[in-house]
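These are the residues of each chain, in order.
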Amino acid sequence: MSKVIVVTSGKGGVGKTTSSAAFSAGLAARGHKTAVIDFDVGLRNLDLIMGVERRVIYDFVNVINGEATLKQALIKDKRVDNLYILPASQTRDKDALTKEGVESIINELKADGFDYIVCDSPAGIEKGAFMALYFADEAIVVTNPEVSSVRDSDRILGILQSRSKVAEDGGSVKEHLLITRYSPDRVEGGDMLGMDDIVEILSIPLIGVIPESGSVLQASNSGNPVIMDKESTAGQAYEDVVSRFLGEDIPLRFVDVEQKKKGFFQKIFG
Amino acid sequence: MGLFNFFKKEKKKNTANLAKERLQILIAHEHSNKSTKSPDYLPKLRDELVQVIRKYVHVTDKDVQVNVEKGDDFDTLELNITLPESK
Amino acid sequence: MSMLNVLHLEHSDVSAIAAELQKKRDEMPQFFMQSPVVVDCNPLGEDVNSFDFLALKESLLSLGFIPVGVRNNPPALNKSLAEAGWAVMRESRKPFNDGQTEAAATETNDNDSTVDTANLPTNSTIETSNSVENSDQHLEAQVAPPASNNVKSLTVDKPVRSGQQIYAAESDMTVLAQTSAGSEIMADGSIHVYGALRGRVLAGAMGNESARIFCQSLQAELIAIAGRYQLLDESDTNLIGKPAMIKLLGEKLIIEPLSA
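Residue numbers (the numbering used here), protein chains in the order written: chain A, 1 to 270; chain B, 1 to 87; chain C, 1 to 260.
If we strip away everything but chain A, and leave its shape as in the complex, we get (with noise of 0.2 Å):
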C-alpha cells in the first residue's frame, strides 16, 4: 500500500526541499521505493538540491500534457537504489498543475510499486502548494522555531484539515511536526523559540528535530541529501525522522545544550 506524504510549510526558506530530499532519501536507502516530486513549477530547485540538474529532460508538466511518459521523466538517483526524482517544469507557471494530471501521475506512481509518494510544495497557499497537499494521505510540516513560521505552519494545517482529499472525504490527513534549524544555545539564553513551545502551539506530534548545521550547506552545494552525510548531526537528525516516521520509537538528539557540548569534546578528544 502506497503512501502520499506532503513536506509542506506555508512560509518559504524554512526547509522544505532540503528535508524533502534528505527524507525520500533516507526512506529508499532503507529498501522502499520512493519518488519525490517538485511541486514548485517555476522555480525547482529539488534537481539542485539532489544534485540531478543536468539529468533533467522531461518534467512534470511533460508527463501532466501528455508530452512525455511518467517513465521517461522520472530520474532514477544513481547513489540510492530505489530513489527516484521527478523535477518540476522551470519554463511553466502552476497553472499548469491541474487535478485530474496530478491524480494521474500518483495513481500510476502507486501502480508502478512505490511505497512512498514524496510531494515537496512550494512555499504560500496559492495552486502549488494546494496541489502538493491535495493527495496526501500524510504530512510532514516543516516549521522554523521563529514566530512567522510557526502561525504559517498553522494556516496550512488548517487547510490541509479542510481542503485535502482525504479530508474532503471526511478523514483527516496524518500531522508531523519537523522542526529545522533549531539552535538549542539560543533556546537556551531565551532568543529562539523552544521545540516545547512549538509543539504545545500547534498541538500535532513531532516527528523530529534538525540542529542548525553548517554541513545543510555544504550538502546543497554539492547536491548531495544531507542524510547522506552521516558525520553530521542534521544527517543524523533526519536519520532518526525516517526511523521515526517508519514506527520506531527513538529518543530525540541534539536538542539540548550539553548533549551539543558532549558531542563536540567527543569529536575532539575522542
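Some hints could be false.
[As the list claims (entries may be wrong)] In silico SDA-like links for lysine to any residue, alpha-carbon gap of 20 Å or less:
1) Lys71(A) - Lys20(B)
2) Lys99(A) - Ser162(A)
3) Lys62(B) - Asn65(A)
4) Lys33(A) - Lys71(A)
5) Lys158(C) - Gly214(A)
6) Lys174(A) - Pro36(C)
7) Lys20(B) - Leu43(A)
8) Lys71(A) - Asn67(B)
9) Lys242(C) - Ala111(A)
10) Lys23(C) - Pro36(C)
11) Lys62(B) - Ala123(A)
12) Lys71(A) - Asp63(B)
13) Lys71(A) - Leu83(B)
14) Lys20(B) - Gly214(A)
15) Lys24(C) - His11(C)
16) Lys62(B) - Ala111(A)
17) Lys71(A) - Lys44(B)
18) Lys62(B) - Glu108(A)
19) Lys71(A) - Leu77(B)
20) Lys242(C) - Ile201(A)
21) Lys71(A) - Val50(B)
22) Lys174(A) - His11(C)
Everything labelled a hint here was simulated from the structure, so no lab data went into it.
Assemble chains B and C onto chain A, guided by the hints.
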C-alpha cells in the same frame, strides 16, 4: 585544534566552489536551451516520427520513445521504437 | 462566514455615514477589516426612496468593509438596489413596517429566557432562545420544521487553525480541540472550547445577549457576545490561561472563573 580547523575550512571552500561550478553550468545550459537546442521540439518530433512509421507498420503513440541524453561535449538523441509482434 | 455587522440608516447623508463608520473602524481596525455589512433601511422611513445606495456601497468598500445586502427596503426599490450591486435580504425577524414592535418582543423573550434559566444547566438557556428564534422564522418563512426538531448544535473535534472561520448558525458550538491565534469561531448560541482558546470567539452572533462563552484556557485575541466585543489584551482579567466563562451584563462583558 589547528589541524581540525584547517580541514573544516578547506571543506567549506570546496563545496562553495562546487556550488558555483554547478550553477554556472546550469545557468549556461538554461540560457542555451532558450535560444537554440530546446527539447521542446521533442514532442513534435515524436509525433511526426509516429506518422511516418505508421505508413509502414502499425504502432501506437506509446510505442515510440524519444530521449535526449545530455553529455558533456555532445547530446545524444535516442529513438526507441517497439514494433508489434509479427505473425 | 464572518461577523455580520448591521448598519442602521438614520439619515441619508452618505458622506456623514462614511465619516462615522471610519471613526468606528479606526477604533478596531482588525475587527472590522473585510467584515460583511448589511444595511437596514428601516430607521430611514420615507427618505429611503432618495437614498444613494451606489455611493454608500463605494464608501463601504473604500473603508474595507464588504457590502452584502440591504434589508427592510420598500419592495419598489428592489430593482434599483440590484442595479447598484446590492442583494436584497429578506428579514427573518422583522417584517417591513412592523419591525420595531417585533424586535422588541424578541428581545424581551431573550431576556426572559436568561432569567428563567439562570439556575438551570447552560444548555437549556440556548435551547430556549433557539426556539424563540426558530418560532420567529417559522412565522416569517413558513417552511421551517417544528422548533422541537430544529434544535441544533455543532461539534468541532479538530483544531481550528489560523485563517479558519467556523460559524454555527442558530446553534451552540462545542470545540473539543484548540483554536489557534488568527482563527475565528462564531455561533448564534453559546460557545464551549475544551482546548486552548487562542483566536477570536464571538457568541450570540445574531444578537442573542444570553449567549455565553466557556473555555478551559482563556487566551483569546478577541471576545464578543451579541456584538459587544473586547480585546483580551485590554481586559483587566487575571484569568488568562485559566478556565473561564464570559457573559454579557448590560453592555459589559464579564469574565468569571469557571468553577468545576
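Practice prompt. Please flag the earlier hints that this structure goes against, numbers listed from lowest up.
Written response: 1, 5, 6, 9, 11 and 22
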